[in-house]
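Build the complex from these two chains, which are given one at a time in their own frames, with help from the hints.
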Amino acid sequence: MQERIGKSLIGKGKMIPIRCFTCGRVISDVWEEYKERVKHEEPGKVLDDLGVKRYCCRRMLLTHAEMIDEIAPYE
Amino acid sequence: MEIEIIERGKNEVKFVLSGVKTRFANALRRAMIAEVPKLAIDEVNIHENTSLLYDEQLALRLALIPLKTDLSAFSDEDRVSLTLKAESPERAGYTMVYSKELISSDPGVEAAFENIPIVKLISTEREIDGIRTVAKQKIALEAIARLGRGKEHAKWQPVTTCGYKIVPNEEARDEPLRSANKKSVTFAVEGDGSVPVDELVIEAARIMQEKCEMVVEELTRNKS
Chain A
1 MQERIGKSLI GKGKMIPIRC FTCGRVISDV WEEYKERVKH EEPGKVLDDL
51 GVKRYCCRRM LLTHAEMIDE IAPYE
Chain B
76 MEIEIIERGK NEVKFVLSGV KTRFANALRR AMIAEVPKLA IDEVNIHENT
126 SLLYDEQLAL RLALIPLKTD LSAFSDEDRV SLTLKAESPE RAGYTMVYSK
176 ELISSDPGVE AAFENIPIVK LISTEREIDG IRTVAKQKIA LEAIARLGRG
226 KEHAKWQPVT TCGYKIVPNE EARDEPLRSA NKKSVTFAVE GDGSVPVDEL
276 VIEAARIMQE KCEMVVEELT RNKS
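If you read the protein sequences in the order shown, they are chains A and B. FYI, the working numbering numbers position 5 of the first sequence as 5, with every residue one higher than the one before it. One rule links them: number in the working numbering = place in the second sequence (from 1) + 75.
Isolated chain B, as found in the complex (with noise of 0.2 Å):
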């Protein structure tokens, strides 16, 4: 087996497997997609909403930002708490709440884009019978982020797009049967942020070797 990187990018890979069978391939492309394990929000405590969004708009949109995650420091009972509060100006206009703004419990995590817009508070002003008022919008939360994994929830997913093309190698050609038996992929990953592409490849790998590993002690322990 050899790996040939063709390009790579800041969050985006492309590399040429060669001397692989497609379904070893396929089987990496589904580790990746949803067996790799990333940090992403999963309750969401509201103490006061009183924005243009539901509750439940707002946690969703919480919990699809990307959270950095250092796959090294973090187990599946882990959890990290993110607060969040806003408030609109004092007078008429408004402000743009980002990701940016929320604060973590963990030096380590944080939103891997800054300016993800979660809402838009806006102050009103009205006039009745000659006395303004200003209704402000306000929120108050306190986020909690969980590792998990993309077969559980899209959010956990730390991939985009994900996929591969059969190469024929072109020694074979004249060998139908050597094609079928040696052939090149060429893998195209892009990350989401959370977790470093060549981080995210390696660990897809790992979790294969993992599942091989039991299935050899399952076999191994029955067999005596």
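Bound conformation, chain A alone (with noise of 0.2 Å):
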């Protein structure tokens, strides 16, 4: 489950946006949970868990690639 992170070219990005592209819900405060507890669980549940209700949430967290550490050393 680990490699879903990183994958998708979607939601490429430095670092996870604030608040949820569509809807303008606040999602990144729930990231690091999030992350963390994907390594061993489903993340629809997790999801479920942290109260993302909406797909639109939901994807944000699901398709990002956190790329700060790739691009640290060339900067």
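Keep in mind that the hints were calculated from the coordinates and are not lab data. Small disclaimer: the values here were computed from a predicted structure and weren't measured. The beta-carbon is built from N, C-alpha and C at its ideal position, and this holds for glycine as well. One should not assume that every hint holds.
Said to hold, decoys possible - Distance condition first, Cα-Cα at most 30 Å in a straight line; then the derived BS3-like pairs of lysine-lysine: (1) A:K53 / B:K286; (2) B:K85 / B:K258; (3) B:K85 / B:K240; (4) B:K240 / A:K35; (5) A:K45 / B:K226; (6) A:K53 / B:K298; (7) B:K160 / B:K195; (8) A:K35 / B:K213; (9) B:K298 / B:K286; (10) B:K160 / A:K35; (11) B:K160 / A:K14; (12) B:K175 / A:K39; (13) B:K258 / B:K240; (14) B:K258 / B:K226.
To be verified - Listed next, the stretches of chain B that the computed footprint assigns to chain A, with coverage defined by at least 3 CB atoms under 8 Å from CB atoms of chain A: (15) 87 to 95; (16) 138 to 145; (17) 181 to 193; (18) 270 to 284.
Claimed, not checked - Just a few of them, taken from the derived set where beta-carbon distance is under 8 Å, the chain B residues facing chain A: (19) H228; (20) T235; (21) T236; (22) G238.
Written out as structure tokens, the structure is:
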């Protein structure tokens, strides 16, 4: 399940966006917990647990690829 | 007009407004989205930024952080200054800068969510000719928040989802005429954390009232 983080091209960015692109709900505050828990849990269940209900907000976390650590050595 | 609250959470409310026409419900909806003021960071003076984010990326991220707003305490001219200072560690590693680290000039104003990551500051260690150096990253800035409205920019929009559904009255099913006149709507409002939702709905209604009063005043003045 670890492989799922970092493979998508949709949510490629330096850092997790503060809010959902579509509805504007703040989603970044649960990102770190999500990132940790998804290593050994089902992403859908983690999202339910964190209270991320709508699919617009869910895709923000699901498809995000954090690139900041990969960019860091070249800056 | 009758109001019945179905569901009430920390940041959301669901209620039925009965005996109103959809145009009224829509006016209320639009008032909630575009007219209710809230605080958001509008100007950022960046003194130092050696992080991986560009200045404008940093400013955009700051602006999107919802700030707790007491609507009775602020007017349009008021400014709140928030400072942020952070540095990456002395050795190789990183520090994550969170929204709770914003220091506000007003004790009542703070980020509605504590754990929003603003930027990751990374220290990198390099060894050149046997000499170890650590490249550190640093940010120091002053952000100025002001009151604004959703019609100006989405960062000042106090609601995330805000909509209504038309529910035809049970009793009026037999009389099409009555159902056309009397309907109820179910509202679902979710706040972004800056203004409490119940306060937000009341404020929206008050803004509508103020606007209607302005029309009445203007018309009576022109008549005489």
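Hint check:
For the hint pairing K53 (chain A) with K286 (chain B), the CA-to-CA distance comes to about 35 Å; that exceeds 30 Å, so the pair is violated. At most 30 Å may separate the alpha-carbon atoms for a hinted pair to count; K85 (chain B) and K258 (chain B) meet this at roughly 28 Å. Among the hinted pairs, K85 (chain B) with K240 (chain B) is consistent with the structure: their alpha-carbon atoms are about 22 Å apart, no more than 30 Å. Between K240 (chain B) and K35 (chain A) the CA atoms are separated by roughly 36 Å; this puts the pair beyond 30 Å, and the hint is violated.
Only pairs whose Cα atoms come within 30 Å are accepted, and K45 (chain A) paired with K226 (chain B) is rejected, the gap being roughly 36 Å. Between the alpha carbons of K53 (chain A) and K298 (chain B) the distance comes to roughly 53 Å, so the proposed pair goes past 30 Å and is violated. The hinted pair formed by K160 (chain B) and K195 (chain B) meets the criterion: a straight-line CA distance of about 13 Å does not exceed 30 Å. The straight-line distance between the Cα atoms of K35 (chain A) and K213 (chain B) is roughly 25 Å, inside the 30 Å bound, and the hint therefore holds.
Distance check on the hinted pair: K298 (chain B) and K286 (chain B) sit about 19 Å apart at the alpha-carbon level, within 30 Å; holds. This hinted pair checks out: K160 (chain B) and K35 (chain A) have alpha carbons roughly 26 Å apart, not beyond 30 Å. Restraint check for K160 (chain B) and K14 (chain A): the C-alpha separation of about 20 Å stays at or below 30 Å, so the hint holds. Restraint check for K175 (chain B) and K39 (chain A): satisfied, since their Cα atoms lie roughly 27 Å apart, inside the 30 Å limit.
For the hint pairing K258 (chain B) with K240 (chain B), the CA-to-CA distance comes to about 11 Å; that is within 30 Å, so the pair holds. About 29 Å separates the Cα atoms of K258 (chain B) and K226 (chain B), which keeps this hinted pair within 30 Å; it holds. Check on the segment 87 to 95 of chain B: 0 of its residues sit with their Cβ under 8 Å from a Cβ of chain A, so the three-residue criterion for coverage is violated. Counting residues of the segment 138 to 145 of chain B whose CB lies closer than 8 Å to any CB of chain A gives 3, which reaches the minimum of 3, so the coverage claim holds.
Check result for the segment 181 to 193 of chain B against chain A: holds, 6 residues qualifying (beta carbon to beta carbon below 8 Å, three or more required). With 0 residues bearing a CB less than 8 Å from a CB of chain A, the segment 270 to 284 of chain B misses the requirement of three and the coverage assertion fails. The criterion of a C-beta within 8 Å of any C-beta in chain A is not met by H228 (chain B), whose closest approach is roughly 12 Å, and the hint is violated. A cut of 8 Å between beta carbons decides the hint on T235 (chain B): the least distance to chain A is about 4 Å, and the hint holds.
Evaluation of the T236 (chain B) hint against chain A yields a held restraint, the C-beta minimum of about 5 Å falling below 8 Å. Using the Cβ-Cβ criterion of 8 Å, the hint placing G238 (chain B) at the interface with chain A is not satisfied: the shortest such distance is roughly 11 Å.
Consistency with the previously given hints fails for numbers 1, 4, 5, 6, 15, 18, 19 and 22, ordered from lowest to highest.
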